Amino acid sequence: MSVQRIRMAVNGVERTVEAHPMERLLDVLRETLGLTGTKEGCGEGECGACSVLMDGSLVNSCLVPVAQAANAQVVTIEGLGSDAELDPVQEAFLRCGGSQCGMCTPGMIVAAKSLLMHNAKPSREEIREGLGGNLCRCTGYMRIFEAVEAAAQAQESEAAR
Amino acid sequence: MRKEGAAKVCGTARYIDDITLPGMLHGATVRSSIARGRITKITFDAAIPWDEFTVVTAADIPGANCIALIQNDWPCLAAEAVNHPEEPIVLLAHADKHRLAEAVAAVRVEYEALPSVHSIAESERKDAVVWGEDNEFKRYLMEKGDVDAVWAGADFIVEGEYETGAQEHLYIENNGVIAEYSDAAGVAIHGSMQCPFYVHKSLVKLMALPEDKVRVVQVETGGAFGGKEDYPSMIAAHAALLARKSGRPVKIMYDRAEDMAATTKRHPSRTRHRTAVTKDGKLLGAEIDLTLDGGAYSTLSSTVLSRATIHAGGCYFWPSLRVRARAMATNSPPHGAFRGFGAPQSLFAMERHMDRVAAAVGLTPEELRRRNFLRPGLTTSTGQGIPEGVDLAHLLERAMELSGYEEKRLRFARENEGRAVKKGIGMAAFLHGAGFTGSGEQRMGSVAAMDATWDGTLRVLVSSTEFGQGTNTILCQIAAETLGVDYGAVQMGPADTSLVPNSGPTVASRTAMVVGRLVESAAKEMRRVLAEAGLIGERYTTEVFQRAAAAYVAQHGELRTEGRYEAPPNVHWDDDLYRGEAYGAYAWAVYVAEVTVDTVDYRVAVDDFVAVQEVGRVINPVLATGQIEGGVAQGIGYALYEKVVWDKGRMSNNQMTNYIVATSQDIPPIRVYFEEVPYQYGAFGAKGIGELPMDGPAPAIVNAVSHATGADFCAVPLLPEDVMAKLAQGKPSAVEVVSA
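Here the protein sequences line up with chains A and B, keeping their order. Throughout the first sequence, residue numbering follows my numbering, covering 0 to 160 in sequence. Throughout the second sequence, residue numbering follows my numbering, covering 850 to 1589 in sequence.
Rather than coming from a laboratory, the hints here were simulated on the basis of the structure. Only a predicted model underlies this, so the values are computations on that prediction, with no experimental measurement involved. Virtual Cβ for every residue (Gly too), placed ideally from N, Cα, C. Each hint can be trusted.
Distance ranges between label pairs, derived from CB positions:
1. Asn118(A) x Glu1266(B): 39 to 49 Å
2. Ala1403(B) x Lys120(A): 49 to 59 Å
3. Leu1259(B) x Arg123(A): 25 to 35 Å
4. Arg6(A) x Thr1306(B): 40 to 50 Å
5. Glu1525(B) x Gln152(A): 24 to 34 Å
6. Gln152(A) x Ile1006(B): 53 to 63 Å
7. Arg123(A) x Val1494(B): 27 to 37 Å
8. Glu1264(B) x Glu125(A): 22 to 32 Å
9. Ala1242(B) x Arg123(A): 30 to 40 Å
10. Lys120(A) x Glu1392(B): 37 to 47 Å
11. Pro1470(B) x Lys120(A): 22 to 32 Å
12. Glu1411(B) x Gln3(A): 52 to 62 Å
13. Asn118(A) x His1405(B): 57 to 67 Å
14. Lys120(A) x Asp1129(B): 51 to 61 Å
Could you build the full structure based on these sequences and the hints that come with them?
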């Protein structure tokens, strides 16, 4: 197959990339579009460091051929918040100590965001399950669970205002 | 709040693979396919346009062909012989990284195979002599009292043999570096690493360059756990050689399979205990025979063995003790540093053995421990005195209370009767020495500095690196508090060997306690300099202090102060006899694990985990708690999941798919409690913390599994098949062979 022109919306911005259709979405995001916040940990869909949202679903971008992302809405860590204005989930990870080395963090935050979009007030058990596809080698997960609970709380208070 | 935390949660923190330089090539490594042999021929398949590639062999090394560590026996590139699978032989670089895999496969290395050894037992038997004259990297003999005299007076003599497996660090960021080279500037390395000055030392030797022509900069590092202590020197050396030959920047970024197969692991171990004890549970003495599998080259094995030796007797008072310790060569990639550094191995044996001694004597595990704990007035295995304030009995009480230990211990034993799903609860009591062993800190003579920039930004200058554990945050906190300014006013300088003094490697739980203390001294000195110059008074705001610093820089061109290591008073260490103050301070802990063992499918789950420890003053509770929780999670993996499967020295399960670590669904509630007894010579009273939590989980969990099942398990990792092998013993077989 030859190089194709593929259109997708990345973090709300229409992008057209020229890529081999079987190129990994991960590489297109990192190398073609310069969005290096999405990380590679294993390249085989085990660790979740490359998690992004594709049309609202949580996917491992190392397993997605870019052709499959044609016309999709892709959201990466860069699409959630910035230094100046953190997303509540990012804020909670920062405050609760949910990020140590930071390598699993972007994928973990995207996974947490996805969980909270589908379940605004997850139980501890639901959080454990919801993040089951994202490995963290530093934290032992406790601070991450607390961060997700804090973010849920923050979103609830925000909604109640 | 974590200094670099905002960048990490936003995805803007720049790791090595996020950096691309103009004209940069990508490097790859051709590795040995056999465990041991002589290289007879290297051919390059004509199907590849080799003129497009940069090719490096050992012949291209300008200096010494070694990665400099303790002994210089670790080749950078194999020249004539290979001693383990995955040993680097040829390096390739190309602008298009997708062209590399095919090219690597097109380099054919032919060998004359030699016999190899693949276990401690094979190495001891000298089935083949693969290192030195006898396969032995290092040997220690540590003696206290008169062990030979204790056996006669013993009511019980309890023997046991314990084994621990290799463990992969599995940091989420694989190893990677970028090298640049020019004849004028020398070599510059940016990379993921723990110890910039280790890489520096190694490159000076390898590239035959003066020290000021080698610059090493650590960039954001995605986890390390000891796994980025020695190996980054190897990758940096490879990238530097390719950069020198090609004249272009070269990035080498391992993928997961290569990182797992080629880089270091925790040393496998075998420990034999023989213990003399009285009928009322007083330990009289012990002989401990401890052996580590070091892999093919000596690398850090002697120092790992040293820590394993000193921790072998655990947190108990031994009137007499003899520890014989050896590190042996085998033909696998060298085993290296991993959180705990030998102590998890010898403490697993000690703490499993204590439960078995208790059973032999007829005491509960907690009572036997209580009767033999080290306490003020007694001495450790090396004869080091125990300072006032150390109270293991109190830690034990607290851990038992918080875990509901006594009630559960009795109830589980009662309820397990006749049930397929059994519950158990077990404990481990232990210690971990903080900082380098023995006279290591004196020899290192670390220096930390602080400076101010023209605009009054205050910077901490150290070679101590951040890789998740909180170096940046802790050191800035210490500096800010000492200077009397806001935390936000203090920044970390870059971990760049051309800018910072050598504060030593970031290892051995030494950063907060030892380097923190040096930062504290440098900060005190900065305050003194500004006060002496009349720029600050007794009381000042952050703004006033920063203006004063800026004014000083404007007047003098520079404001830079230093803190230099000074040994605490009355510290003596005898390296030959292994007697004296082995560490500046020990951290102490009692952990309790509660488990469920399913005797139908043989799965073990950890249901609850209580970690009580005394680590001096806790400087940052969120980070400290995170360190303990993370260490416990790795310890749970070490105990129950993480098995490196070896095939003639090669890791055959070098994928996350089949090397299993604990996920969010496997981790129980980890409940962390600190007792704070400030340590006089640590920064703000801190002792080391990073490695301690790796030591306790494996024995506590296996003790709990033994409690649940009544079976004696003596090895980790303890996988379902291991549980089955033991529990199915004696059961009538459900399968019979009817014809062959």
